[in-house]
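Residue numbers (numbering that gives the first Met the number 0), protein chains in the order written: chain A, 0 to 252; chain B, 0 to 252; chain C, 0 to 252; chain D, 0 to 252.
Calculated directly from the structure, the hints in this document are not laboratory data.
Be careful, since some hints might not be right.
Because identical chains cannot be distinguished in the list, a pair is counted as satisfied if it fits within a single copy or across any two copies.
Heads up, simulated DSSO-like pairs for lysine-lysine below, C-alpha to C-alpha not over 27 Å straight-line [claimed, not checked]:
hint, residue 1, residue 2
1, Lys122, Lys47
2, Lys47, Lys181
3, Lys120, Lys181
4, Lys122, Lys181
5, Lys237, Lys120
6, Lys238, Lys120
7, Lys201, Lys47
8, Lys120, Lys55
9, Lys252, Lys122
10, Lys252, Lys120
11, Lys55, Lys122
12, Lys248, Lys181
13, Lys248, Lys55
14, Lys238, Lys122
15, Lys181, Lys238
Bear in mind that the values here come from a model prediction, so they are computed numbers and not experimental data.
Protein chains: 4
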Amino acid sequence: MNTVDLNCDLGESFGTYRIGNDAEILDYVTSVNVACGFHAGDPTVMRKTVQLALEKDVKIGAHPGLQDLIGFGRRNINISPQEAYDIVVYQIGALNGFLQSEGGNMQHVKPHGALYNMAAKNKELSLAIAEAVYKINPELILFGLSGSELIRAGQTIGLQTASEVFADRTYQQDGSLTSRMKAHAMIENDDDAVAQVIRMVKEGKVLSQQGTDVTLKADTICIHGDGAHALTFAHHVKKSLEISEITVKSISK
Amino acid sequence: MNTVDLNCDLGESFGTYRIGNDAEILDYVTSVNVACGFHAGDPTVMRKTVQLALEKDVKIGAHPGLQDLIGFGRRNINISPQEAYDIVVYQIGALNGFLQSEGGNMQHVKPHGALYNMAAKNKELSLAIAEAVYKINPELILFGLSGSELIRAGQTIGLQTASEVFADRTYQQDGSLTSRMKAHAMIENDDDAVAQVIRMVKEGKVLSQQGTDVTLKADTICIHGDGAHALTFAHHVKKSLEISEITVKSISK
Amino acid sequence: MNTVDLNCDLGESFGTYRIGNDAEILDYVTSVNVACGFHAGDPTVMRKTVQLALEKDVKIGAHPGLQDLIGFGRRNINISPQEAYDIVVYQIGALNGFLQSEGGNMQHVKPHGALYNMAAKNKELSLAIAEAVYKINPELILFGLSGSELIRAGQTIGLQTASEVFADRTYQQDGSLTSRMKAHAMIENDDDAVAQVIRMVKEGKVLSQQGTDVTLKADTICIHGDGAHALTFAHHVKKSLEISEITVKSISK
Amino acid sequence: MNTVDLNCDLGESFGTYRIGNDAEILDYVTSVNVACGFHAGDPTVMRKTVQLALEKDVKIGAHPGLQDLIGFGRRNINISPQEAYDIVVYQIGALNGFLQSEGGNMQHVKPHGALYNMAAKNKELSLAIAEAVYKINPELILFGLSGSELIRAGQTIGLQTASEVFADRTYQQDGSLTSRMKAHAMIENDDDAVAQVIRMVKEGKVLSQQGTDVTLKADTICIHGDGAHALTFAHHVKKSLEISEITVKSISK
C-alpha cells in the first residue's frame with residue numbers, strides 16, 4: 000500500500016502582517032515547515048506556530064530562507080555555500096529554541112523559496128545546507144525537490160531525505176518546477192492537480208510541460224496554506240488520496 | 000580566597016562592519032557574551048565567534064538584544080514581557096545552533112544593552128526573560144546587574160544567577176549604572192576603575208556618584224572588548240585582580 | 000458653515016504582505032498619509048500608492064514612522080530629537096521621490112504611531128520633527144493631535160498646522176487618546192463614533208473617559224482603511240458629516 | 000588639456016558601525032557618492048555626510064544600492080527592472096531630503112555594487128535605473144562603467160552621463176571589471192594603479208587581464224575612501240594626475 004506525507008509552509012506572518020490559514024490547514028497536513036524569521040515569520044509568530052502544530056500533533060520542520068523579507072525569500076541572492084551553511088544553522092537553531100521551550104522535537108528541514116530552488120541545481124550550495132543540518136542533528140530529515148541536487152547532497156552527507164513533489168505546480172522535462180515568472184507555472188484546475196498528485200504517488204511519474212513523462216519520487220506532497228482556496232484544495236487532495244488508497248502520514252513514525 | 004569571573008561582549012561585527020578585538024580579548028576573559036543577530040552580530044560572525052571562544056576554552060553565553068541594529072540595542076523599546084520572552088528564546092536558540100554544529104555548550108545568558116537595563120528595574124520583563132532561559136535549559140546561568148530585578152527573577156524561576164559589576168561604569172546610590180546619556184557615566188582613569196573593581200570583589204561595595212556606599216555582589220566583572228584601549232585595560236584589570244589574590248575563573252567549573 | 004478634512008493612513012503593505020483597502024478608501028477621504036518604509040510600506044508600495052492617490056485626486060502626505068517594521072511603529076523607542084529629525088527628513092525625502100517621478104505634490108506630514116504619540120507630549124521631539132518638515136519645505140502642513148505639543152511646535156517653527164481628531168478612539172481628560180493597551184480605547188459602536196465626530200467638528204468638544212468635556216479643534220478627522228468594516232464606516236462618517244452640513248474637503252485648496 | 004573627475008563612495012557607516020575616512024578623503028575628490036540606507040548608511044550618517052561634503056564644496060551624488068545591508072549591496076539579487084526603478088527613486092528621494100534641508104543640490108547618481116555591476120550588463124535594468132533618475136530630475140548626471148549598458152541607457156533616456164574607470168581594479172577584455180571573487184581583481188601596487196589611471200585618461204585605453212587593450216572613456220575615476228591606505232593612495236593619484244597635466248575637476252561646473 001502507498002503512503003505519502005502532506006506538508007505545508009506555516010508561520011509566515013510577520014508583526015502586524017497576517018498570511019495564511021495556519022490553524023485550519025493543520026487539520027489536513029502531516030508535516031509543517033515553519034518560517035524562521037529571515038524571509039517570513041518572527042519570534043512571536045514562531046512560538047504560536049509551534050504551539051499550534053504541537054496541539055494538532057503535526058510534525059514540525061524548519062523552513063530556513065534567504066535574508067530577504069521584502070522579497071519573501073523568493074529572489075535568488077548570490078550567496079556563497081558558507082553563507083548558506085551559516086544562515087541554515089542560525090535558523091534551525093532559532094526554531095529549536097521554541098521546540099525546546101514548548102517541549103517538542105524537530106522532524107525535518109526544508110529550505111524555502113529561492114534557497115530551495117538554487118539548492119536544487121547547485122551541488123556546492125546543497126552540500127553546505129545538508130552539512131548544516133547534519134551538524135546540528137544527524138537525525139533530522141532533509142526535504143528537497145525530487146531528483147534534485149539537494150536530495151543527492153543529503154544522501155552524500157548521510158541524512159535521511161524526503162523527495163518532495165508539488166500538487167499545484169507544473170514540471171519541466173528536466174524535473175524542475177516551471178518558474179513562477181513563466182506562464183502555466185501553476186495548475187489552476189483542482190481536478191488536474193489532484194490527478195497529477197495521485198499519478199506521482201502511484202506511478203512515480205508526472206507529465207512535463209514539454210509533453211514527456213518525468214520520473215520522480217513522491218515521499219511528501221507540498222500544498223499551500225494561504226489564499227482563500229487553500230482549505231478547500233487541501234480537503235480535496237487529502238480525500239482523493241484516501242479514496243485512491245494512499246495512506247497520508249508523516250515521514251517519521 | 001576570592002574568585003571572580005571576567006566577561007566581555009563578543010561577536011558584535013555585522014556583515015562588512017567590524018567592531019572589537021575579538022581574538023585578542025579572549026586571552027583575558029573567562030566568559031563571553033555572544034551577540035545573536037538582533038542588535039549586532041550575524042550568522043557568519045556568530046559561527047566564527049563560537050569557533051574562536053572554543054579554541055581559547057572560554058565559556059560561552061548568549062547575549063540577546065532588542066531588534067534594533069541601528070541603535071545597537073541601546074535604545075529602550077516599549078516591548079511587552081511576552082515579546083521579551085519570544086526574542087530571548089529565539090536568540091538563545093540561534094546561538095545554540097552554532098554551539099551544536101561546532102560541538103560546544105552554552106554556559107549562560109546575559110541580556111544586552113537596553114534589554115538588560117530595562118530588565119534591571121522591571122519585574123515582569125525580568126520574569127519573562129528568566130522564564131525563557133529556564134524553559135530552554137534550566138542549567139543555564141543568568142547574568143544580571145547585581146541587586147537588580149533580573150537577578151531576583153532568576154532566583155524566583157529557579158536559575159543559577161551571576162551578579163555582575165562593571166569595571167568602567169559609575170554607579171548611582173540605588174545600585175543602578177549611571178546612564179550613558181549623563182556625565183560621568185564612564186570611569187576614564189584606569190587606576191580608579193581597577194580600584195573600584197578590587198573593592199567590589201573584596202568588600203562587596205562601591206562608592207556611588209552621590210557619595211554613599213552601595214552594597215553589591217560581584218560574581219562577574221564586565222569589561223569591554225572594543226576601542227583602542229580595551230586590551231591594555233583588560234590586561235591591567237586581570238593582573239591587578241591576581242596581585243590582589245583574587246582568582247579569575249568562570250562561574251561554571 | 001463647517002468644513003473638515005477626512006484623512007486615512009495608506010500604503011501600509013510590505014512586500015508580499017497586504018494590509019488595507021487602499022483603492023476603495025480613497026473614495027471617501029480627502030487626504031492620505033503614506034507610509035514611507037520604516038514602520039510599513041516599501042518602495043514599490045509607495046509608488047503604487049502615490050499613483051492611486053493622484054488618480055483619485057486625493058491630497059498626499061508623508062507618514063514617517065520609527066524604524067520598527069516588526070512593531071508597525073507602534074512601540075515607543077527612546078530616540079533623541081536629532082534622530083527624530085533625521086528619520087523624518089529621510090522619509091519625507093523618499094516619498095517626495097515618488098511625487099517627483101509621478102508628477103505630484105506633497106501637502107502634509109503626519110508622524111505615525113509611537114512617533115506621533117511621543118511627539119504629542121514631548122516638546123523637544125516635536126520641535127525636531129517640525130524643524131525637519133520646515134527645512135524640507137516650509138509650505139508643508141503639519142498634522143498633529145489637537146492640543147498636542149506637536150501642534151504647538153509647528154506653530155513655533157512657522158508651519159501651517161492641522162489639528163487632528165479621531166473618529167473611533169476615546170479620549171482622556173487631558174486630551175490625549177486612550178492607549179490601545181487599555182480597555183475602551185476604541186469606540187466599537189459606529190453611531191457613537193459618528194456622534195463624537197459631529198460634536199468635535201461642530202462644538203469643538205469631546206466627552207472624555209473621565210466624564211468631563213475636553214475642548215479641541217477638529218481640522219481633520221482620522222479614519223482607518225484596514226479591517227473588514229473600514230469602508231462601511233468611512234461611508235457612514237462621510238454621509239453623516241454631509242447630513243450635518245459639514246463640508247468634507249482637504250486642508251489645502 | 001585633459002580633465003577628469005575624481006569620485007569616492009562616502010557615508011557608508013551605519014549606526015554604531017564606522018567605515019571610511021570620510022572627512023579626510025574629501026580633500027582629494029571632486030565628487031562623492033553618498034550611501035542611501037539600503038546597502039549602507041542611515042539617516043543620521045546621511046545628514047552628516049551631506050554637511051561634510053557641502054563644507055568642502057565637493058559635488059554630491061546619490062549611491063543607491065540593493066536592500067542588502069548584511070551583504071553591503073555586493074551580492075547579486077534577482078530583482079525586476081520595476082523593483083530597480085522603485086528602489087532608485089526611493090533612495091534618490093531620501094538623499095534629496097537632506098540636500099533640501101541642508102541647502103545643497105544633487106549632481107549625479109551612481110548605482111552601488113551589485114546593482115552597478117548587474118546594470119552594466121543588463122539593458123532592461125539599466126533603462127529602468129536611467130528612467131528613475133530622469134523622472135526625478137532630468138538634470139542629474141548618470142555615472143556608470145565606461146562602455147556599459149548603463150551608460151547607453153542614460154544616453155537613450157536623455158541624461159548626461161559620466162563614464163567611470165577604476166584606479167585599483169583590473170579589467171577583462173570585454174571592458175568589464177574583474178570580479179572581486181577572482182584573483183587579480185585588485186591592483187595592489189600603487190604605481191601600477193596610477194600608471195593605469197593616467198593611460199586611461201590620456202589615451203582612453205587599459206590593458207586587460209587577457210593582454211589586449213580595451214578602449215574606454217574616462218570622465219570620472221573611482222577611488223576608495225576606506226582602508227588604512229586610502230588617503231595615501233588618493234594623494235598619490237591626485238598628485239600624479241596634476242603632474243601629468245590632467246586637471247581634476249567635477250563633471251558639472
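Please flag the earlier hints that this structure goes against, numbers listed from lowest up.
Hints 5, 6, 7, 8, 9, 10, 11, 12, 14 and 15 not satisfied by this model.
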